[in-house]
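K.L.:
Assemble the whole structure, with the sequences as input and the hints as a guide.
There are 2 protein chains.
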Amino acid sequence: MCSLKIKDIGEQGLLKILQKFCPPEIIGDDAAVINTQDGKSLVVTTDMLVDNIHFSENTTSPEDVGWRATAANLSDIAAMGASPLGITVGLGLPGDLSVSWVERLYQGMTECLGKYNAVIVGGDVVRSPNITVSITAFGQVNPTRTIRRDNAKVGDAIVVTGVHGASCAGLELLINPTIGQNLIQADREALIRAHQRPKPRLDVIPILWKILDSQLANHLTSPAGMDTSDGLADAILQICRASGVGAIVEGEKIPLPVAFNNFNNWLTQEEALEYALYGGEDFELVLCLPQQPADKLVRQLGGSAAIVGTITIGSTVILRNQYLGDPDRVLTLSRGFQHFGS
Amino acid sequence: MCSLKIKDIGEQGLLKILQKFCPPEIIGDDAAVINTQDGKSLVVTTDMLVDNIHFSENTTSPEDVGWRATAANLSDIAAMGASPLGITVGLGLPGDLSVSWVERLYQGMTECLGKYNAVIVGGDVVRSPNITVSITAFGQVNPTRTIRRDNAKVGDAIVVTGVHGASCAGLELLINPTIGQNLIQADREALIRAHQRPKPRLDVIPILWKILDSQLANHLTSPAGMDTSDGLADAILQICRASGVGAIVEGEKIPLPVAFNNFNNWLTQEEALEYALYGGEDFELVLCLPQQPADKLVRQLGGSAAIVGTITIGSTVILRNQYLGDPDRVLTLSRGFQHFGS
Chain Y
3 MCSLKIKDIG
13 EQGLLKILQK
23 FCPPEIIGDD
33 AAVINTQDGK
43 SLVVTTDMLV
53 DNIHFSENTT
63 SPEDVGWRAT
73 AANLSDIAAM
83 GASPLGITVG
93 LGLPGDLSVS
103 WVERLYQGMT
113 ECLGKYNAVI
123 VGGDVVRSPN
133 ITVSITAFGQ
143 VNPTRTIRRD
153 NAKVGDAIVV
163 TGVHGASCAG
173 LELLINPTIG
183 QNLIQADREA
193 LIRAHQRPKP
203 RLDVIPILWK
213 ILDSQLANHL
223 TSPAGMDTSD
233 GLADAILQIC
243 RASGVGAIVE
253 GEKIPLPVAF
263 NNFNNWLTQE
273 EALEYALYGG
283 EDFELVLCLP
293 QQPADKLVRQ
303 LGGSAAIVGT
313 ITIGSTVILR
323 NQYLGDPDRV
333 LTLSRGFQHF
343 GS
Chain F
3 MCSLKIKDIG
13 EQGLLKILQK
23 FCPPEIIGDD
33 AAVINTQDGK
43 SLVVTTDMLV
53 DNIHFSENTT
63 SPEDVGWRAT
73 AANLSDIAAM
83 GASPLGITVG
93 LGLPGDLSVS
103 WVERLYQGMT
113 ECLGKYNAVI
123 VGGDVVRSPN
133 ITVSITAFGQ
143 VNPTRTIRRD
153 NAKVGDAIVV
163 TGVHGASCAG
173 LELLINPTIG
183 QNLIQADREA
193 LIRAHQRPKP
203 RLDVIPILWK
213 ILDSQLANHL
223 TSPAGMDTSD
233 GLADAILQIC
243 RASGVGAIVE
253 GEKIPLPVAF
263 NNFNNWLTQE
273 EALEYALYGG
283 EDFELVLCLP
293 QQPADKLVRQ
303 LGGSAAIVGT
313 ITIGSTVILR
323 NQYLGDPDRV
333 LTLSRGFQHF
343 GS
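Keeping their order, the protein sequence lines are chains Y and F. Take the first sequence: its letters are residues 3 to 344, numbered as in my numbering. Take the second sequence: its letters are residues 3 to 344, numbered as in my numbering.
These aren't lab readings, by the way, just hints derived from the structure by calculation.
When chains are identical, the list treats them as one kind, so a pair holds in a single copy or across two.
DSBU-like cross-link-like pairs, simulated, lysine-lysine; straight-line CA separation at most 30 Å:
1) Lys18 <-> Lys117
2) Lys22 <-> Lys201
3) Lys22 <-> Lys117
4) Lys22 <-> Lys155
5) Lys42 <-> Lys212
6) Lys117 <-> Lys42
7) Lys212 <-> Lys155
P.N.:
Put into structure tokens, the structure is as follows:
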């Protein structure tokens, strides 16, 4: 056992082992919730990025590295139903990195933070052979108003707050500039922008709480939800597993980027759906709540927000795709077919 | 300018440049203080450690790496006068590192946290070519009860909460086991222990606030202070600079480890003083407060707590060493003589 290596069990395997060192009540959501003495709760989340593993000079400018890392953390704050306060930044940097690279990184971080009234409140800078960026974000939440994964109820509508698949398609276009030649320039740029400058959906939170506050008492419980940083399929499956429920997801109701409609021999509809379900890093929210407030939320959010399915009894998540005439299939974490472009 | 490298300006130079991205009111202390909506303040601090730069397998077990990293962050929380809530841990790990190394790291972290009623509330684990440990600690403080560097007043006594020089001497003994041969075993072990298992002085905070609460109204302002992670000389000089005052430090009043008294040809008194002033990582507190509460604090803390000097008008910090018959000299950030053992 002593010689067991991290590569043998992977990062997820290691995280499971390390959970024994954490209080069990604060594990399993996008961010930890800590009750402070005065009845308010603090929400904390942390992410580490390493050069050549999580980002690359080829696809991501330092400003975009800063924006994306910040957006990912703020998205975790949104996924808990909280309001952001600030972030700390730990930086490991090689001595021969240019100072302007670091300034541009901070520029991207503060641009993103500025849009959501949050600030950099401190950090640490150390020497390291590899560029390493460690961000911890914290926010505030009313303890009776948190979004948790384990709160989905049979009959709830499944709301997604926007399109899926854009970030992954944008990354694909950056890595392989020869693909998608028939895409019009504006669509190509929109996809790339979705990858480089994702928007955490903090705007959804006050709208959501306002709708729920106006509901009758029997709807006053908090919704289930999480963000789609690891993909839409992952988010729906995790919510269902944590809540002990199943779901039916209507494939044709999943909102796709406009560029996906201009297929032009670029993506089949099956491939477009795969991007949407498994692409990841769109940083939208999946929220499960009763039909009436769900309808209201989708209407008030506008844009591409949509109800994509329903929570059901059991534990199976069914993907229904009537548009393609496919039979129902079971939604899993693994893609059903070969990944486009690889 | 574009080609300016980080190694050209150093980490401190880079931090100065990056300050323009942070709100000015939260820069310059051991931790950031953020006012939350309800009148309580959140205190946040972050530290990053990189293998072979901040720790080494030769001198530090994984448990000790975990303990020391945690203690350093909790010390920053104490230095603000706050109570700890928890920490997040970002880990960058090579794939061929053993899982048990990481478990032992967490063991050390939770041992330290357990002593101070704090917990690990989350984190991230990613692949990295180098072991990287990024800890963010947060605590709570009453906004009218924070310890800041810029609050020292002429006439204040300078209190140190314990001995200085032990951690650095312990590290020296680990690196060069041949030195200090005449040290008795218990003294040697105490010094090494001081390096491997430093204790953040969170115990001082409730005692300090209790004394200040019992003072008359004219003493009700908060004290100045910081921790001595970067050395005692550094702490006193930083407080004086931030407060726009000078000081007289009585060299012979600085509490030294017991082992330093058994000189046995190991350390001259001049060298012992140098360890105490410049060694660093003792994680004690330096506090500046009026004479009467300072006396009370030293008495109630017991142990090696002592008043080592007085805040004066001006900007010069004088080191007085009557015991050695030295003339007064100006205390600076650079050591006055060659570092022992190097």
